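Novice: If you want the building blocks of each chain, they are given just below.
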Amino acid sequence: MRLFQLCLVLCVATLPAQTISGFVIDKSNSEALIGANVYLDSLNIGSSTNVSGYYVITDVPPGTYTLIASYLGYQTYRATLTMKQKPVRLNIVLEPRLLETEAIVVSGDSIPLIEKMYEKEISQVKLTARQINTIPQIAEADLLRSLQSLPGIVPLSDFSSALYIRGGTPDQNLFLLDGTDVYNPEHAFGLFSTFNTDAIKQVNLSKGGFGAEYGGRLSSIVDVTNLDGNRKQLEGKVGVSLLSARATLQMPIGQKGSVSASLRRTYFDQTVAPFLEDIPDYYFYDGNLKAFLELSPNDKLTLSAYGGRDVLTWEFPSGGEKISFGYNWGNTTGSAKWTHVFTPEWYGDFWITYSRFSSYLNFDIFDAYEDNLLTDLTFKADMQYRFSNDLGFRFGLEQKNFDVNYTNVAPGREVRTSTRPTFVSAFGVANWKIMPRLEMDAGLRFNYLNGDTTLANLAPRLTFKYRLAERTVLKLAAGQYYQYLHRIPRFLIADIWTASGKKLQESSSQHYIMGLQKTFSTDIQLESEIYYKTYNDIYSFDYNFLTRLDAAYYNDKDEPVFTSPASLLNRGDGWSAGFEMTLRKETGPLTGWLGYAFAHTEYTLERINANRPFPPRHDRTHTVNLVAKMKLDRLWNGDSYDARADSSRWVLGLNGVYSSGQAYTEPGSAYLMGVTPDAPYRDVYFAPTRINQVRLPYYARLDVSLTWQLIYKSWKMEPYLQVFNVGNRGNVWFATYDFVDGKPVIDEQYMFPILPTLGVNIEF
Amino acid sequence: MKRNLIFISKKKFHRLFRPVLLSAGVVCAWMCTACGDGVVQVENVSYEPRVVIEAYLIPGKPVRGIRLYRNFRLDADLSKVGLFVDPQKTTVSITDDGSGQVYPLSFHTPDNLLELDGYYYEYPGTELTIRSGASYTLNVQTEIDGVPIQARSTTTVPQTGFHIQSINYDTLRYRQTEIGKSVHFVLDIQRSPGTTYYLAAIHAQNPTYETLVQESPFGNKRTREEYEQDKDRLANTTIWIQNTPQTAGVSLMNLFWFNFHFYDTYRVVVYAADDNYRTFLQTYSRVQEIDGNFHEAQFNIEGQGIGVFGSVIPDTVYVTVIPE
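Chains A and B are the protein sequences, given in the same order.
Residue 192 in this note's numbering sits at position 192 of the first sequence, and the numbers go up by one each step.
Here this note's numbering = 1-based position in the second sequence + 764.
For the record, the hints were derived by calculation from the structure and aren't laboratory data.
Watch out, some of these pointers could steer you wrong.
Distance ranges between label pairs, derived from CB positions [as the list claims (entries may be wrong)]:
{"id": "1", "chain 1": "B", "residue 1": "VAL947", "chain 2": "A", "residue 2": "GLN270", "range": "52 to 62 Å"}
{"id": "2", "chain 1": "A", "residue 1": "TRP314", "chain 2": "B", "residue 2": "GLU1053", "range": "21 to 31 Å"}
{"id": "3", "chain 1": "A", "residue 1": "PHE275", "chain 2": "B", "residue 2": "VAL947", "range": "31 to 41 Å"}
{"id": "4", "chain 1": "B", "residue 1": "GLU812", "chain 2": "A", "residue 2": "GLN270", "range": "52 to 62 Å"}
{"id": "5", "chain 1": "B", "residue 1": "VAL950", "chain 2": "A", "residue 2": "GLY307", "range": "39 to 49 Å"}
{"id": "6", "chain 1": "B", "residue 1": "VAL803", "chain 2": "A", "residue 2": "LEU303", "range": "52 to 62 Å"}
{"id": "7", "chain 1": "A", "residue 1": "LEU295", "chain 2": "B", "residue 2": "MET795", "range": "49 to 59 Å"}
{"id": "8", "chain 1": "A", "residue 1": "TRP314", "chain 2": "B", "residue 2": "GLN865", "range": "50 to 60 Å"}
{"id": "9", "chain 1": "B", "residue 1": "GLU812", "chain 2": "A", "residue 2": "ARG490", "range": "25 to 35 Å"}
{"id": "10", "chain 1": "A", "residue 1": "GLY307", "chain 2": "B", "residue 2": "SER899", "range": "19 to 29 Å"}
{"id": "11", "chain 1": "B", "residue 1": "THR890", "chain 2": "A", "residue 2": "ARG490", "range": "36 to 46 Å"}
{"id": "12", "chain 1": "A", "residue 1": "GLU606", "chain 2": "B", "residue 2": "GLY1013", "range": "47 to 57 Å"}
{"id": "13", "chain 1": "B", "residue 1": "VAL947", "chain 2": "A", "residue 2": "SER324", "range": "15 to 25 Å"}
{"id": "14", "chain 1": "B", "residue 1": "THR873", "chain 2": "A", "residue 2": "SER324", "range": "53 to 63 Å"}
Computed cross-link-like contacts, DSS-like style, restricted to lysine-lysine with a CA-CA straight-line distance of at most 27 Å [to be verified]:
{"id": "15", "chain 1": "A", "residue 1": "LYS201", "chain 2": "A", "residue 2": "LYS716"}
{"id": "16", "chain 1": "B", "residue 1": "LYS945", "chain 2": "A", "residue 2": "LYS557"}
{"id": "17", "chain 1": "A", "residue 1": "LYS126", "chain 2": "A", "residue 2": "LYS433"}
{"id": "18", "chain 1": "A", "residue 1": "LYS743", "chain 2": "B", "residue 2": "LYS995"}
{"id": "19", "chain 1": "A", "residue 1": "LYS232", "chain 2": "A", "residue 2": "LYS743"}
{"id": "20", "chain 1": "A", "residue 1": "LYS557", "chain 2": "A", "residue 2": "LYS27"}
{"id": "21", "chain 1": "B", "residue 1": "LYS945", "chain 2": "A", "residue 2": "LYS743"}
{"id": "22", "chain 1": "A", "residue 1": "LYS126", "chain 2": "A", "residue 2": "LYS518"}
{"id": "23", "chain 1": "A", "residue 1": "LYS518", "chain 2": "A", "residue 2": "LYS503"}
Covered by chain B, according to a simulated footprint, are these stretches of chain A (three or more residues, beta-carbon under 8 Å) [to be verified]:
{"id": "24", "segment": "122-135"}
{"id": "25", "segment": "205-216"}
{"id": "26", "segment": "408-418"}
{"id": "27", "segment": "624-633"}
{"id": "28", "segment": "662-676"}
{"id": "29", "segment": "717-727"}
Remember, predicted model here, so these are calculated numbers, not experimental data.
Positions of the beta carbon are idealized from the N, C-alpha and C atoms, including for glycine.
Whenever a hint applies, use it, and build me the whole structure from the sequences.
Specialist: In structure tokens form, the structure reads like this:
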């Protein structure tokens, strides 16, 4: 008998271990779920789903196990699996939970919250459309403005949705929409982003220390994945606010696919503008289209497109003649992604993406126009190989073909720049679980730019995760980052991009980050991180560029033609350091986060501040963010609340921000002089000498939203009231200085006052 | 279940009102900070005394009209601040860099002491003659706020050759059009070799409220009070062309309708400007960015000086703008 038992044990032990793999999808619409946790209970091994919802668990010895899959807001999935000598393919279908019982879900969830936090990369934030939509904003929900409510991310002003992440500038952020780079992702002069929140499935934001699979930017990654579309039934969402109307429709394509489409248009030009004088006609529209096709169990095809345009027309009536100013700009993107599962352990995504940003400005009174165009055609492959549960690899290749053209013609001069560089990169990442408590990601990225010169760099990345205690995780990351595109920022109108080459170095940065994550009770997370970043060869716009312009040649009217953007930029270096802390609660009647950030950034740029270091304008020392969503009915009724019995709910949203004053240049002194040799009068001018040496008054704002959710069968209607800056605080944007009758006058220019908005969202 | 506040249980009261009170407390605290208006105070942290130089050399002309002022704090009351540097504590000289000869300048006081334009430095002798293509260095030593101040700047006078060759019209109607297109004054500029920047200073000869153009598409009608405040700026405008070829030849200078604010005759003085004056003009008035922050102007002055020590070659034409 003993011999039999020994033989049995030996047989079992020598049977080849196998894999469990598959996709995790939402039962209600068959959408792939990104970041769902899947693991085997008794073996304590597991995996989380990638951007396509794919997971793989390897080295599963024969036997019977309980497989558990969980995802926030969904019922935990449990299945008993008997592993034999064959790999198991298991597509997991998760059923959405009623939101009202989320806290119960978590408390009964077999995967502790700390495991979910452990899986998350350092400095990473994941947001769903639902979370974005509950943050009160100007007029309506907006992705970039929602991201501004996270610690470590600050805006420059209310008038901009640009993100300044951990001291970096907006050009250092890579925006990906379904794998496609998006340049200048802003509508309405930067007030709103190009991302329609109704079309978003998930946003992965990395504030730093990102892996070798990402490159081309110094500071951050904003990776947006749009909805694939409902594969079960027609689903729609319609929204109307004072600013815009939008609609999103999702529907199945036969049994094997789905399609999702969104449209949005502002109608300020049709409603308010006709009643106001001296207001330009302005509107924007955009649309997303995404199709998902399951070609076979191992092959999936995703087609995604985005198109949007902002149109501004300003006519100055004067006598019988009209003087007009026209400006329009927008993005067009398209991508095709083929996902193929070669073997359960070997998974690959292959993309062809196209991104185009263009703007056109026409000012006929000056016979002036501007044409700004950037296109990016990219081929890329991203493969993942799971060798064992302790060792996995990710590797890929990317080729980007840029075409960057800028033309600006006005009386007296022309600007004509053009560059068509090719950028190739390859990366490899090894994920190694060194011991049960310690895991490492070691990556290397190779970059090669071929333009008017060739540039090549190696960028190593390293991340460690260590389980300090049962509910505490320590994470460390360090990495080298390169950027080969540079932005010439402009206020209100779209930025111009240019590429590294003979006259512009590639920018580089190093990140060093340490993070500590801890959970309290079942659903409260605390994340804290300290970071240090360096910047080398970064560029800022030179406001005194006129003194440095050199004509490349002269046109037939002997007017100068400029072809190099190098003289528009100041080169420099810098560093940022900071500490961030976030206390977050994602389930229950009260959800949201409280964030605090301490940050300091210094740049040293040629020709600025006499080459002395200075804090950039976006530098804010202390920032506190509060984002809260309160389900009032549930708070009122507690555990006795039954969503199915009550057909309406009240939701209160809060978005508060307090920031210490941003760096600001006080003009050092004033002086009086005549500026022509025959000047008949003298005027007052200002002579700034030290840049950003003072601070503006602190910034504080509280936004409130109140939503009434009315549910009838599968229909949901949500009328809402949002009040931006409910305290009507006058947050100083900047100040102007003057002397009137010899007396000094300072005039503060304030940002947005209190702005109430009404709207309604309808879902079916 | 009763929902009346009066009838809620103690347990429910605690469960309900703890988060509500906490939230209300947070909101109230936030509201306390998130209301009112931010106020910008002058901090004067970057104030440093500077000598302001307003000096232009013209070939063939005597050296005079060199004005030295002092800068002042942002919260200064100009009626109580002496704007000129103290001549008793100031020495000024010009060096002919070609010969190395130093020419000390003397302070000129006007007969009418209220005539502020009459206070300047000059070289009263006849030995110093400004030559085209030559370089001159201005040296200033003075004292401001008890602080010794030094400033030094060198100008290279533009080469000969510049003049206004021709102009297409001597009179135009305001915003005149021909065949649907705007017509404007066009000056043919004969360039000086090596000079790439030309400034036109446009001076209305008899500006009055009655002759003010009130139909500009860019501006609302001005009241007489507004006009009085802006009169100097409206009557004296400038426009430039830059980055012209380094070689001699002809460039076109357009004077557009928006350079003129009066139905009037204008004296248009075009200056061929040296590098110092060019960089000054390109930067002095653009120190506030469009989003409100400030940056430095570029003054080609070493030491503690701001302003300009430049050299120019002037030429003059007259044009007239009549009502539409």
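Novice: Against each hint, give a clear statement of whether it holds in the structure.
Specialist: Now for the hints, and whether the structure bears them out:
1. VAL947/B with GLN270/A: 52 to 62 Å: The hint (52 to 62 Å, Cβ to Cβ) is violated, given that VAL947/B and GLN270/A are roughly 37 Å apart.
2. TRP314/A with GLU1053/B: 21 to 31 Å: The hinted range 21 to 31 Å holds for TRP314/A and GLU1053/B, with Cβ atoms some 22 Å apart.
3. PHE275/A with VAL947/B: 31 to 41 Å: Because 36 Å falls inside the window, the suggested range holds.
4. GLU812/B with GLN270/A: 52 to 62 Å: Holds - the Cβ-Cβ distance for GLU812/B and GLN270/A, about 54 Å, lies within 52 to 62 Å.
5. VAL950/B with GLY307/A: 39 to 49 Å: This hint holds: roughly 43 Å between Cβ atoms.
6. VAL803/B with LEU303/A: 52 to 62 Å: This hint holds: roughly 55 Å between Cβ atoms.
7. LEU295/A with MET795/B: 49 to 59 Å: Given about 56 Å between the Cβ atoms, the range holds.
8. TRP314/A with GLN865/B: 50 to 60 Å: 58 Å, holds
9. GLU812/B with ARG490/A: 25 to 35 Å: 32 Å, holds
10. GLY307/A with SER899/B: 19 to 29 Å: 59 Å, violated
11. THR890/B with ARG490/A: 36 to 46 Å: The hinted range 36 to 46 Å is violated for THR890/B and ARG490/A, with Cβ atoms some 53 Å apart.
12. GLU606/A with GLY1013/B: 47 to 57 Å: Cβ of GLU606/A to Cβ of GLY1013/B: about 34 Å, so the range 47 to 57 Å is violated.
13. VAL947/B with SER324/A: 15 to 25 Å: This hint holds: roughly 19 Å between Cβ atoms.
14. THR873/B with SER324/A: 53 to 63 Å: 55 Å, holds
15. LYS201/A with LYS716/A: 19 Å, holds
16. LYS945/B with LYS557/A: Status holds; Cα separation ~19 Å.
17. LYS126/A with LYS433/A: Between LYS126/A and LYS433/A the Cα gap is close to 23 Å, so the pair holds against 27 Å.
18. LYS743/A with LYS995/B: Roughly 19 Å between the alpha carbons, so the hint for LYS743/A and LYS995/B holds.
19. LYS232/A with LYS743/A: With Cα atoms ~72 Å apart, LYS232/A and LYS743/A exceed 27 Å; violated.
20. LYS557/A with LYS27/A: 69 Å, violated
21. LYS945/B with LYS743/A: 45 Å, violated
22. LYS126/A with LYS518/A: It holds: about 17 Å lies between the C-alpha atoms, which stays within 27 Å.
23. LYS518/A with LYS503/A: 47 Å, violated
24. 122-135: Not satisfied, violated; 0 residues make the cut.
25. 205-216: violated (count 0)
26. 408-418: Our answer is that it holds, as 3 residues pass the Cβ test (under 8 Å) against chain B, meeting three.
27. 624-633: holds (count 3)
28. 662-676: It holds: at least three residues are needed, and the segment 662-676 of chain A offers 13 whose Cβ sits within less than 8 Å of chain B.
29. 717-727: It holds, with 3 qualifying residues against the three required.
Of the hints listed earlier, those the structure fails to meet are numbers 1, 10, 11, 12, 19, 20, 21, 23, 24, 25, in rising order.
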